[in-house]
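Colleague: Protein chains in written order, with the working numbering: chain L, 1 to 280; chain U, 1 to 280.
It is worth saying that the hints were derived from the structure and are not from the lab.
Watch out, some of these pointers could steer you wrong.
Chain copies aren't distinguished; within one or between two, either way the pair holds.
No farther apart than 27 angstroms at their CA atoms in a straight line, the calculated lysine-lysine pairs in the DSSO-like style are these [claimed, not checked]: (1) K277 with K128; (2) K277 with K212; (3) K60 with K242; (4) K262 with K247; (5) K103 with K262; (6) K103 with K60.
Read off the chains here:
2 protein chains.
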Amino acid sequence: MRQLLLGLSMGLGIVITQFSMAQSFRLVDQSELLYLHLDSGLVVVELNGIYAPNTVARIKALAGAGFYNGKMFYRVIDGFVAQGGANDEAPDPNYPPLPMEAKRMVAPTDAITLVPSPDLFAAFTGFKHGFAVGLDADKKRSWLLHCPGSLGMSRANEPDSATTDFYIVIGQAPRYLDGIMTVFGRVIWGMDKVQQIIRADVTGSGIIAADKPQTKIRWAAVGAALPKTQQLALMVEETQGKLFEEKLIDRLERPQAFFYEKPPRVLDVCQIPLRVKLAN
Amino acid sequence: MRQLLLGLSMGLGIVITQFSMAQSFRLVDQSELLYLHLDSGLVVVELNGIYAPNTVARIKALAGAGFYNGKMFYRVIDGFVAQGGANDEAPDPNYPPLPMEAKRMVAPTDAITLVPSPDLFAAFTGFKHGFAVGLDADKKRSWLLHCPGSLGMSRANEPDSATTDFYIVIGQAPRYLDGIMTVFGRVIWGMDKVQQIIRADVTGSGIIAADKPQTKIRWAAVGAALPKTQQLALMVEETQGKLFEEKLIDRLERPQAFFYEKPPRVLDVCQIPLRVKLAN
Chain L
1 MRQLLLGLSM GLGIVITQFS MAQSFRLVDQ SELLYLHLDS GLVVVELNGI YAPNTVARIK
61 ALAGAGFYNG KMFYRVIDGF VAQGGANDEA PDPNYPPLPM EAKRMVAPTD AITLVPSPDL
121 FAAFTGFKHG FAVGLDADKK RSWLLHCPGS LGMSRANEPD SATTDFYIVI GQAPRYLDGI
181 MTVFGRVIWG MDKVQQIIRA DVTGSGIIAA DKPQTKIRWA AVGAALPKTQ QLALMVEETQ
241 GKLFEEKLID RLERPQAFFY EKPPRVLDVC QIPLRVKLAN
Chain U
1 MRQLLLGLSM GLGIVITQFS MAQSFRLVDQ SELLYLHLDS GLVVVELNGI YAPNTVARIK
61 ALAGAGFYNG KMFYRVIDGF VAQGGANDEA PDPNYPPLPM EAKRMVAPTD AITLVPSPDL
121 FAAFTGFKHG FAVGLDADKK RSWLLHCPGS LGMSRANEPD SATTDFYIVI GQAPRYLDGI
181 MTVFGRVIWG MDKVQQIIRA DVTGSGIIAA DKPQTKIRWA AVGAALPKTQ QLALMVEETQ
241 GKLFEEKLID RLERPQAFFY EKPPRVLDVC QIPLRVKLAN
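Extracted from the complex, chain L is given alone in its bound form (with noise of 0.2 angstroms):
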């Protein structure tokens, strides 16, 4: 018993199975990332400019201006999203209102590493260099989905409304929400700081009251105007090509003697852990 509670079935063994399987990693360009130092410690976020160019740019201006310095989670709802930025403030005219970049059209040359099982909300999911996307074959058009650690724009009840809100989600995965919001980004490093936002009192609406702390954003910067000494060598799972392909049917099929009896075949685009590393 000791024995079998050591090894590599102790607990739930399957992650330690899982995590073994070879995988190929992409260095992330320092262009494309965001850095976001909160009261909780860092946090940096692969953009995504290839479906929201224009709200990506945005994005990029505001770090660069600073604008999210000392902006405050004002909204933030555990198992839903955590939503920051100027609140109230009067709307900034440097920013206008954002016009949605919910789905972009794919070309024929598009690669997108279909996942292989059915999705409610999508005709087919799967990913496009680590950011987990939908597609609607007929309609050639795909979007960026919900999944905990996917950034978002925050709007009003317009589509074209967005100006420099975001929001974080924490939770279960609010696929309601894809193609009706500007989805632009994925947590890639700190998520355990993200989750660690203060949360509003389960009790309210979701708005933190104004008497009560909230997690500030120290800075956010864009990696490529960080000094080197500063910038984190962020490698991803590449989601292109066969090792992804094998780690997929994988998690379909469940070999493991864990499972004793198989799931179901189906797989949810949003939980299948993608790895991230440091280069050295």
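Chain L is fixed; fit chain U onto it per the hints.
Modeller: Coordinates of chain U only, in the frame set by chain L:
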């Protein structure tokens, strides 16, 4: 614009709308509550002796004997689970392996509020007194689901091998574990404290290295064993009845103006927030 930002439609206005709907609540008996006082703060778990009677009896015995006091969360994977307990200590002969309690027979009198949506892992999903459940109506079996905040028993490869250690789901629902693990409770208070449990290094296996800090369970106790002054009178949203059914329909139909395009008529059973409040 400023008014819009301050009004109901500010940011993601959805949750505010949802939370303004009427709800009914039930007071949870202190004998069905497990208090876990972590380094990060107080967490309260509602136990489910209907689905997992032997396991809940074991958990109550362990808590009553002070077994968990001083134990650590030693395997903590962001986005997956926080696992705590005895870790690699020699098995305690007082606590022999438990039978798997994954699926139970349902009787014709069992009331389950069905979620009006397809699901990929179960023929039906629903709620039974606040717990998310799966249902196979043909085989008359029901089981507790792995949603964020669910507690399950760690085990080795053999189904009947759980003894003392448990995990809390802290990320996207690992539904592939449904039916092959004993789920026995759900966090109803302090999920923000659970999210502050110290994670393992993301580049490792999930086990926290011996020389790194771990989050401790300072003490664990069943509510009924605590002095009245330490008990929390927790009211949980009642998932049987018309009010909750109306909430499900509202989430399915998304009548709010915020949804300028309506999402697919799909509800993820693990993405339906349930309210909790303190009785006065």
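Colleague: Compare the structure with each hint and give your call.
Modeller: Checked hints:
Only within a single protomer do K277 and K128 lie at most 27 angstroms apart by alpha-carbon distance; the minimum there is 19 angstroms, versus 42 angstroms between protomers. When the C-alpha separation of K277 and K212 is checked against a cutoff of 27 angstroms, the pair qualifies only between copies, where the shortest distance is 18 angstroms, while the shortest distance within a copy is 36 angstroms. Taking identical chains as interchangeable, the C-alpha atoms of K60 and K242 are never at most 27 angstroms apart, the minima being 33 angstroms within one chain and 48 angstroms between chains. With identical chains, the CA atoms of K262 and K247 are at most 27 angstroms apart within one copy only, with a shortest distance of 16 angstroms there and 34 angstroms across copies.
Proximity of K103 and K262 under a CA criterion of 27 angstroms is satisfied inter-copy only: 15 angstroms between copies versus 35 angstroms inside one chain copy. Taking CA atoms no more than 27 angstroms apart as the test, K103 paired with K60 passes inside one copy only; the shortest distance there is 21 angstroms, against 51 angstroms between copies.
Taken one by one, the earlier hints fail for this structure only at number 3.
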